[in-house]
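Novice: Take these sequences, add in the hints, and give me the full structure.
Residue numbers (this note's numbering), protein chains in the order written: chain A, 150 to 503; chain B, 86 to 395.
Note that these hints are calculated values from the structure, not bench results. Idealized CB from N, CA, C, for every residue including glycine. Be aware that one or more of the hints could be misleading.
Reference listing, derived: stretches of chain B covered by chain A, where coverage requires no fewer than 3 residues with Cβ under 8 angstroms from a Cβ of chain A [as the list claims (entries may be wrong)]: (1) 171-183; (2) 314-327; (3) 331-337; (4) 363-369.
Chain A regions said to be covered by chain B (calculated; three or more residues, Cβ under 8 angstroms) [said to hold, decoys possible]: (5) 215-224; (6) 286-297; (7) 356-364; (8) 421-431; (9) 467-479.
Per label pair, the in silico range of CB-to-CB distance [unchecked claim]: (10) B:196 x A:420: 20 to 26 angstroms; (11) A:162 x B:233: 58 to 64 angstroms; (12) B:278 x A:371: 36 to 42 angstroms; (13) A:157 x B:301: 54 to 60 angstroms; (14) B:268 x A:232: 28 to 34 angstroms; (15) A:362 x B:196: 41 to 47 angstroms.
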Amino acid sequence: MLHIVKKEVPKTREKIIVRLSAVLAALAVASIIVLVAGANPLELYIGIVQGCFGSLYRFAATVEKMVPLLVLSLGVLVAFKMRFWNIGAEGQFLMGAVGTTLVVRLLPDLPLPVMLVLMIIVSFLFGAVWLMIPAFFKARFGTNETLFTLMLNYIALTLVTALQYDFWKDPAANGMPKIANLPENALLPSAGGFNLSILMAVIIVLAMYYFMNRSKIGFEIAVLGESENTARYIGINVTKTIIIAALVSGGLCGMVGMMQTTGVSGALSTEITGGLGFTAIIVAWLSGLKVPFVVVNSFAFAVLLQGASYIQTAFQIPGSVAEMIQAIILFFILGSEFVLQYRLVSDKTKSEVA
Amino acid sequence: MEFVFFLAAAVKAGTCLLYATLGEIISEKVGHLNLGVEGMMQMGAVIGFIAGFTFGNPYTAVVCAALAGAAGALIYGFLTISLKANQVVTGLTLSIFGVGFAAFFGKNFVGKKVPDAITTFFAPVKLPILGDIPYLGQIFFNQSGYVYFSYFLVIAIYIYLYKTKWGLNTRMVGENPVAADASGIPVDKYKYFNIALCGALCGLGGAFLSLVYISIYPVNVVSGRGWIAVALVIFAMWNPGKAMLGAYFFGALDIASFWLQQYNLPVSIYLFTALPYLATVFVLIFTSMRKSSNKKEPAWLGKNYFKEDR
Numbered sequence: 150m151l152h153i154v155k156k157e158v159p160k161t162r163e164k165i166i167v168r169l170s171a172v173l174a175a176l177a178v179a180s181i182i183v184l185v186a187g188a189n190p191l192e193l194y195i196g197i198v199q200g201c202f203g204s205l206y207r208f209a210a211t212v213e214k215m216v217p218l219l220v221l222s223l224g225v226l227v228a229f230k231m232r233f234w235n236i237g238a239e240g241q242f243l244m245g246a247v248g249t250t251l252v253v254r255l256l257p258d259l260p261l262p263v264m265l266v267l268m269i270i271v272s273f274l275f276g277a278v279w280l281m282i283p284a285f286f287k288a289r290f291g292t293n294e295t296l297f298t299l300m301l302n303y304i305a306l307t308l309v310t311a312l313q314y315d316f317w318k319d320p321a322a323n324g325m326p327k328i329a330n331l332p333e334n335a336l337l338p339s340a341g342g343f344n345l346s347i348l349m350a351v352i353i354v355l356a357m358y359y360f361m362n363r364s365k366i367g368f369e370i371a372v373l374g375e376s377e378n379t380a381r382y383i384g385i386n387v388t389k390t391i392i393i394a395a396l397v398s399g400g401l402c403g404m405v406g407m408m409q410t411t412g413v414s415g416a417l418s419t420e421i422t423g424g425l426g427f428t429a430i431i432v433a434w435l436s437g438l439k440v441p442f443v444v445v446n447s448f449a450f451a452v453l454l455q456g457a458s459y460i461q462t463a464f465q466i467p468g469s470v471a472e473m474i475q476a477i478i479l480f481f482i483l484g485s486e487f488v489l490q491y492r493l494v495s496d497k498t499k500s501e502v503a
Numbered sequence: 086m087e088f089v090f091f092l093a094a095a096v097k098a099g100t101c102l103l104y105a106t107l108g109e110i111i112s113e114k115v116g117h118l119n120l121g122v123e124g125m126m127q128m129g130a131v132i133g134f135i136a137g138f139t140f141g142n143p144y145t146a147v148v149c150a151a152l153a154g155a156a157g158a159l160i161y162g163f164l165t166i167s168l169k170a171n172q173v174v175t176g177l178t179l180s181i182f183g184v185g186f187a188a189f190f191g192k193n194f195v196g197k198k199v200p201d202a203i204t205t206f207f208a209p210v211k212l213p214i215l216g217d218i219p220y221l222g223q224i225f226f227n228q229s230g231y232v233y234f235s236y237f238l239v240i241a242i243y244i245y246l247y248k249t250k251w252g253l254n255t256r257m258v259g260e261n262p263v264a265a266d267a268s269g270i271p272v273d274k275y276k277y278f279n280i281a282l283c284g285a286l287c288g289l290g291g292a293f294l295s296l297v298y299i300s301i302y303p304v305n306v307v308s309g310r311g312w313i314a315v316a317l318v319i320f321a322m323w324n325p326g327k328a329m330l331g332a333y334f335f336g337a338l339d340i341a342s343f344w345l346q347q348y349n350l351p352v353s354i355y356l357f358t359a360l361p362y363l364a365t366v367f368v369l370i371f372t373s374m375r376k377s378s379n380k381k382e383p384a385w386l387g388k389n390y391f392k393e394d395r
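Specialist: In structure tokens:
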């Protein structure tokens, strides 16, 4: 008989080797699907790399895909660190974008710098409030936040649908259900395909690193995540900590709504999230809830996303193939965690040890 | 009379949700929160349609759909049971996988019609006697055989969970796997079996959409209904009977926005689609506020069981 035994904390080198082998194994399996799709897997994988790094323009597109994923993942990370399963990043993202658009609709003539600052604040608040609702009920009644935040995603999506098809429908769009593009004075400045949201992301990464690893509240969040009883015993105000973490988590995800509306899409729409809110959950989790690894992993995922959109046009491979490859890689990495955390021991060796 | 037709349509719209919800109830009863419902439904829908289109045999189509859903569930099962991966993350990944899977394998079938043999097989059949009951007969007993099978499943799953030894063991694993293990119940076997059953039911729910509910295969046939099913499990408080009522209620909401268009209501009809999710949120809040001892959520839901060496 084989037994499963928990291992001591694995070394960084072991982690890297195990994860890389998982990715390689996943690519081997994914190759079968690529062959079914009628392409040469090796060519396709090289195509993905070329699509991301082949030119400055493509690299800019890769970074553009990395920024929202990175900030969303950091937002999700704060909540996860507390064992608060915020899977509502999609909804907070959408609400942030709604807030951004609302600012422009109410105050269309503000000068650009004022406009941007106001949009950042409002989108942060919209996202934060969207997560404060489940956080309040979690703190007060212990309401299940996983399912609550999941439901709020769809409520936000319905709201945006209603805005797009009814309330904010652009009368100038010839009956097309779309919301009007933002005016010039509400767009993030950009240069050579790189826009200001990159700078925002850098500041957020540094701030979050400090917040999670050096600040008192970051420590309290981590303790609360380990054990609520310990947290209460050492005098942490549990309700306050949950609310602050939710504020930061939802707020960051809301800000992504601003960054995407003003920097990439130019208008609010139901398609604006592209499922990134869900991908961010996976990125945060695979990064072991550590800020530096989130940066690395969101870049890796951005490469996959950008590579996917490139091979769609270059190889006429449907985007769904990339979606499947992404999921297969995730399955393998999720499975490989087992190797890092447990080991198999047979009864024989066990009795020898005993 | 028009309202009776609406209710009959609500039952039909709710049936795909009912299959998936029954499946997720079983999975959650054994302690596994599987957020891959959307993915498993997508896999069932596309494989069911392809098998039906290729072989023209309704039985083959339905069996293939159930197997496809179960295969998706087993990926999730292997990762979360044997490899102890996080349930939420694995479930979400399964949903991403299923959506991609259906889009990829279904793309050559978009715009194709369900074969006549299958459409005829699943056409509404008025049941003798029951079908003649005023109103109720028209609503419940003038439906497709696929719908009748879901009535049977509600009863069968209720009996399985609450009146059989296997069901008792299943629930014990979901409530307390440590105690279940100590009393000699093979925890992992129960988990695998019930998770696969969940996948098969989700696959059947998806195939109901692609084989019965629509006649031309569209780009995305499930389009988010899996998430409504996840919501329904809570709405139904993990009870198969309530799941049936909830599924028809949510089915009614699903078609309500379309149906209400004719009345020129002063509110945006798009807001109606939020009602199933809002209703679920209220159920979540009220059940947690009650704090009673008969909380229906399985105690170990979402937590993996690791049998330490002792």
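Novice: Determine for every hint whether it applies to the structure shown.
Specialist: Okay, the hints, checked on the actual structure:
1. Proximity of the stretch 171-183 of chain B to chain A, defined as three or more residues with a beta carbon under 8 angstroms from a beta carbon of that chain, is established by the 10 residues found.
2. Interface restraint, the stretch 314-327 of chain B with chain A: holds (3 residues with C-beta to C-beta distance below 8 angstroms; minimum three).
3. Closer than 8 angstroms: that is the beta-carbon criterion, and the stretch 331-337 of chain B has 0 residues meeting it against chain A, so the requirement of 3 is violated.
4. Only residues whose beta carbon comes within less than 8 angstroms of a beta carbon in chain A count, and the stretch 363-369 of chain B has 4; three or more means the coverage holds.
5. For the stretch 215-224 of chain A, the proposed coverage by chain B is not satisfied: 0 residues have a C-beta within less than 8 angstroms of a C-beta in that chain, short of the threshold of three.
6. Counting residues of the stretch 286-297 of chain A whose beta-carbon sits less than 8 angstroms from any beta-carbon of chain B gives 8, enough to reach three: the coverage restraint holds.
7. Counting residues of the stretch 356-364 of chain A whose beta-carbon sits less than 8 angstroms from any beta-carbon of chain B gives 0, not enough to reach three: the coverage restraint is violated.
8. Restraint check on the stretch 421-431 of chain A versus chain B: 5 residues with Cβ-Cβ distances below 8 angstroms, three needed, restraint holds.
9. Only residues whose beta carbon comes within less than 8 angstroms of a beta carbon in chain B count, and the stretch 467-479 of chain A has 11; three or more means the coverage holds.
10. Checked against the hint of 20 to 26 angstroms, the C-beta distance between residue 196 of chain B and residue 420 of chain A comes to roughly 23 angstroms, which is consistent with it.
11. Range check, residue 162 of chain A to residue 233 of chain B: about 60 angstroms between beta-carbon atoms, so the 58 to 64 angstroms window is met.
12. In this structure the hint that residue 278 of chain B and residue 371 of chain A lie 36 to 42 angstroms apart at CB holds, the actual value being about 38 angstroms.
13. Remark: the range hint 54 to 60 angstroms for residue 157 of chain A to residue 301 of chain B is upheld by a beta-carbon distance near 58 angstroms.
14. Restraint check, residue 268 of chain B to residue 232 of chain A: a C-beta distance of roughly 29 angstroms satisfies the suggested window 28 to 34 angstroms.
15. Under the hint 41 to 47 angstroms, the C-beta atoms of residue 362 of chain A and residue 196 of chain B, about 54 angstroms apart, miss the expected range.
Consistency note: the structure conflicts with the earlier hints numbered 3, 5, 7 and 15.
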